[in-house]
Amino acid sequence: GDSVTQMEGPVTLSEEAFLTINCTYTATGYPSLFWYVQYPGEGLQLLLKATKADDKGSNKGFEATYRKETTSFHLEKGSVQVSDSAVYFCALTDRGSTLGRLYFGRGTQLTVWP
Amino acid sequence: DGGITQSPKYLFRKEGQNVTLSCEQNLNHDAMYWYRQDPGQGLRLIYYSQIVNDFQKGDIAEGYSVSREKKESFPLTVTSAQKNPTAFYLCASSAQGSGGNQPQHFGDGTRLSIL
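Protein chains in written order, with our numbering: chain A, 1 to 114; chain B, 1 to 115.
It is worth saying that the hints were derived from the structure and are not from the lab.
For glycine and all other residues, C-beta sits at the position ideal for the given N, C-alpha and C.
Careful: at least some of the hints might be erroneous.
[What the hints assert, rightly or not] Some but not every residue of chain B turned toward chain A, in silico, with C-beta under 10 Å:
| # | residue |
| --- | --- |
| 1 | A31 |
| 2 | L90 |
| 3 | F106 |
| 4 | R111 |
[As the list claims (entries may be wrong)] Quick list of the computed label-pair ranges, beta carbon to beta carbon:
| # | chain 1 | residue 1 | chain 2 | residue 2 | range |
| --- | --- | --- | --- | --- | --- |
| 5 | B | A61 | A | A17 | 40 to 46 Å |
| 6 | A | Q81 | B | P8 | 31 to 37 Å |
| 7 | B | Q56 | A | Y30 | 40 to 46 Å |
| 8 | A | Y30 | B | K57 | 20 to 26 Å |
| 9 | B | G40 | A | T26 | 18 to 24 Å |
| 10 | A | S3 | B | Y10 | 38 to 44 Å |
Could you put the whole structure together from the sequences, leaning on the hints where they help?
This is the structure:
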């Protein structure tokens, strides 16, 4: 079945450091890939998405490239800020299905210190 | 502004009691979802609904029930059969699109605890 594996946290960085959060997936169809962010006490917000191989999603300085050959969708940011502290979830949905249900990774807690 | 409203933000349940979590959306989305979030386990799908008067079980439906009588509303009942209900519950919705390209929009969640 479809599934997502992302690196375990927590991840702790100093401000302006480079961020990578690894995400790999298993899918039987043709997935769309997403990164969601969750700030404390809130729901999830869509951060970026990519719908086909070699697409790059980007938003707020974050980027992720859909790599079909390595079944990966790693999240990167060149210079993190304290305000980026949150939990990040990688997710996929099968584009071949009309159901639209998401399969989530377990989440990676990011803490950025000033 | 369009969005998803979950209420209450905090809820307490007594032993043997059923409680209902509210989820309302004004995004005109056809599909709605309920997730349970536990620390370190990500989000797990409880129930989902693609259209009014129709819904399907997700991965952890036991001890939960839902209804979808109106497009904008998808309440979740946590029954007394759910032996470990303490968790953060998230409701989401999405437009029906070509095979899952439509992102899901989330409410701010309800935290349920046992007294």
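Hint by hint, here is what the structure shows:
1. A31: This interface hint holds because 6 Å falls under the 10 Å limit.
2. L90: Constraint on B:L90 satisfied, holds at 6 Å.
3. F106: Check passed: Cβ of B:F106 comes within 4 Å of chain A, closer than 10 Å.
4. R111: Since chain A brings a Cβ to about 8 Å from B:R111, closer than 10 Å, the hint holds.
5. B:A61 <-> A:A17: 40 to 46 Å: holds, 42 Å
6. A:Q81 <-> B:P8: 31 to 37 Å: holds, 33 Å
7. B:Q56 <-> A:Y30: 40 to 46 Å: violated, 22 Å
8. A:Y30 <-> B:K57: 20 to 26 Å: holds, 25 Å
9. B:G40 <-> A:T26: 18 to 24 Å: holds, 20 Å
10. A:S3 <-> B:Y10: 38 to 44 Å: For A:S3 and B:Y10 the Cβ distance comes to about 32 Å; the hint is violated.
The structure does not agree with the numbered hints 7 and 10 stated previously, though it agrees with the rest.
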